[in-house]
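Protein chains in written order, with my numbering: chain A, 78 to 354; chain B, 30 to 195.
Wrong hints could be hidden among the right ones.
Computed beta-carbon distance windows for the label pairs [as the list claims (entries may be wrong)]:
#, chain 1, residue 1, chain 2, residue 2, range
1, B, L132, A, V291, 58 to 66 Å
2, A, M122, B, M179, 22 to 30 Å
3, A, A139, B, A159, 46 to 54 Å
4, A, G285, B, I37, 34 to 42 Å
5, A, R329, B, V147, 45 to 53 Å
6, A, S103, B, A170, 52 to 60 Å
7, B, A140, A, K306, 35 to 43 Å
8, A, E338, B, M179, 28 to 36 Å
9, A, A139, B, V186, 52 to 60 Å
Hints were generated in silico from the structure; no laboratory data involved.
Glycine included, C-beta positions come from ideal geometry on N, C-alpha and C.
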Amino acid sequence: MALLDIRQRTGYLFIGLTIGHIVLISAQVTTERGVPVLEAVAFGMFAEVQRAASTAIGGMQASWSDYVALQEVRHENERLRTEVAQLQVRLQQERALAQHARTLEGLLKLRSDAELPTVAAAIIAGGASPDFRTITVDKGTADGLRADLAVIAPAGVVGRVITPTARAAKVQLLIDRNAAAGALVERSRAQGVAVGTGGALRLEYISGAADVQVGDAVVTSGIDGIYPKGFVIGQIESMQRGQGAFSAIRVRPAVDFSSLEAVLVVLTQPPALDEGP
Amino acid sequence: MRALGVLIAIALALALQTTLARVLVGGTAALDLVLVVVVYVALTSGPVTGMFAGSLAGLVQDALSSGIIGIGGLAKSVVGFLAGAIGQQFIVTAALPRLVIFLAATAVHAALFMGLYVLLGLRSFPSPWAAIVSQALGNAAVGLIAFTLMESLPGMVERRRMKRRL
């Protein structure tokens, strides 16, 4: 009966809940910069759920593929179709193996070229909200990861570690609206900052007198203390000039974030050039 | 029992969202499956359940994202409350009213979510219209499919039972 009374006071409940949320938001906005405890605990726990969900969905996809293949085989010549299906499956497996080998080969080459201590990690989940561009990788503090380590792929810079837990870590992609990296135009060495826009990148703080052209490669400058110098960020796609200064320089990321399977986490941070003594 | 069902639906939506996001992360046509579940729960269970479902789902989503914990919770609890209240006041059993509610819910959610971030000076959202429209259409399509499936499921089971008896 008491519960029924509470449910009838919908307006009070709504106001109470809204105030609760506002208090919660206010508490975080005024705190020092860092990862909230609630976020770290929830993420650490849910990383295991994400790992399990990833495995379960992979298993369901495999089961479904097998079922469809079986239905096709039933409708056609049994012996011939079985052989063809087996060959097709084998071909798929070989292709998958070859693709996986190519990915690993790329990572190995990057690891040897970069001459930086790195650890390879597989991506086990994407972001929980479409408004934040994050991924979850299967390596954590147990493998040497910590916050603000750079994450790279053979094609270029991926992002940085923001929430490491023991066995998993959340990585903020460079295209996230809150992400940025010290950048320079490779050809003219003009310095700026690459800022995420949610789906692409924008190059900011470029001098109006700088020599910048469409098609120029943009690489990390290493001044932010997170990303090592010289790694590819992307290519200048378009730019606009307003009253002498550059008003908008759009950069197409070098990495295809939708097809990422494995990444390298750089275990050391470059010294930030703007740090005081 | 209903609360358990809502919790399972939210957990499944979150798990599916984080799995789908790997595919959709590079594009702009993102879905918010958690929002779809909140609106569905609100329309079928009323404003109080919709509000609590939205609050819980939003808070968990905030905790798993790199944003401020509470902004998504507040946006989703308001959407859950409004959708539930509309569902109680009007007849929303046809496809068109449901489509309108899913579209409006996505727009209200985006306005609250982005508005709070901009108001607090934490983030900027330059020209977000294309992303909001594509997300609204995606959410509405998934929501309508979910309603159709959930409503046709008992009939299908009953028909199968009858066939077996015959």
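inquiry  = Flag every earlier hint the structure violates by its number, smallest first.
reply    = 1, 3, 4, 5, 6, 9
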